[in-house]
Amino acid sequence: DTAVSQTPKYLVTQMGNDKSIKCEQNLGHDTMYWYKQDSKKFLKIMFSYNNKELIINETVPNRFSPKSPDKAHLNLHINSLELGDSAVYFCASSQVPGANEKLFFGSGTQLSVL
Amino acid sequence: QKEVEQNSGPLSVPEGAIASLNCTYSDRGSQSFFWYRQYSGKSPELIMFIYSNGDKEDGRFTAQLNKASQYVSLLIRDSQPSDSATYLCAVKRAGNTPLVFGKGTRLSVIA
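Protein sequence lines, in the order shown, are assigned to chains A and B. Each number in our numbering comes from the position in the first sequence (counting from 1) with 22 added on. Each number in our numbering comes from the position in the second sequence (counting from 1) with 34 added on.
Bound-form chain A, shown alone (with noise of 0.2 Å):
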């Protein structure tokens, strides 16, 4: 069983679409993160969920909305895309949050907005 998984893979759409990424874990942890990983590999935090309570928002776009239906999920809907959004987003998720965290990865959903 995959731990943490997300889907789709691949997303390719429209400026100005409305799409959503979904992201599940089985590993029991109690904190989620939505990473953002650019074309040049730089991977930066936009959202933190623990035991769905949103910990860490950073400057991110109202465009972008998480939701944790309960620990085990975190969704991303992205409105009125833009060309800027294309990269890799990363869903991850630890055990708990604190200085000890270690993240496990999901496999990336890779966003083309053309």
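In case anyone wonders, no lab produced these hints; they're calculated from the structure. Check the hints yourself; a few may be wrong.
Label-pair ranges, simulated between beta-carbon atoms [as the list claims (entries may be wrong)]:
| id | chain 1 | residue 1 | chain 2 | residue 2 | range |
| --- | --- | --- | --- | --- | --- |
| 1 | A | Pro30 | B | Leu45 | 28 to 38 Å |
| 2 | B | Leu45 | A | Leu136 | 11 to 21 Å |
| 3 | A | Lys62 | B | Pro115 | 19 to 29 Å |
| 4 | A | Tyr32 | B | Pro48 | 28 to 38 Å |
Sample of chain A residues with no beta-carbon within 12 Å of chain B, all distances over it, derived [unchecked claim]:
| id | residue |
| --- | --- |
| 5 | Thr35 |
| 6 | Met37 |
| 7 | Asn48 |
| 8 | Gly50 |
Think of the CB as a built atom: it goes at the ideal place given N, C-alpha and C, for glycine as much as any other residue.
With chain A held as given, fit chain B onto it using these hints.
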């Protein structure tokens, strides 16, 4: 802006040599330090973490931390072609703060 700096590389080493990957960070409040490996087209995977000054060894990997110099490194002994990947340094404060990644160093081990 709290930053993590890495040389982007590529760092090329011959098979069997020691690869040395370096990272500096600006936030003196950082408490935990991680090295992730990312193969092309794949997700990052944790290979080492270190919290205290000094060296920490795990198999062919050694992480070194010097908080006074705000410097963390990763040594890979007996480098293999399968070690060719991008290595991401990441640092973290305590509490609900994000893990901050460097831009990664691309390592190429030549057979």
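Taking the hints in turn, this is what the structure says about them:
1. Look at Pro30 (chain A) against Leu45 (chain B): about 34 Å separates their beta carbons, and that is inside 28 to 38 Å.
2. Distance hint check for Leu45 (chain B) and Leu136 (chain A): the Cβ-Cβ separation is about 35 Å, which falls outside the suggested range of 11 to 21 Å.
3. As the Cβ distance of Lys62 (chain A) to Pro115 (chain B) is approximately 25 Å, the hint placing it in 19 to 29 Å holds.
4. A C-beta distance of roughly 36 Å is found between Tyr32 (chain A) and Pro48 (chain B), which places it inside the suggested range of 28 to 38 Å.
5. For Thr35 (chain A), the shortest C-beta to C-beta distance to chain B comes to about 20 Å, beyond the 12 Å cut-off, and the non-interface label holds.
6. For Met37 (chain A), the shortest C-beta to C-beta distance to chain B comes to about 25 Å, beyond the 12 Å cut-off, and the non-interface label holds.
7. With a least beta-carbon separation of about 16 Å from chain B, Asn48 (chain A) lies farther than 12 Å from that chain, consistent with its non-interface assignment.
8. Listed as a non-interface residue, Gly50 (chain A) keeps its Cβ farther than 12 Å from every Cβ of chain B; the least gap is roughly 17 Å.
Violation of the numbered hints given earlier is confined to hint 2; every other hint is satisfied by the structure.
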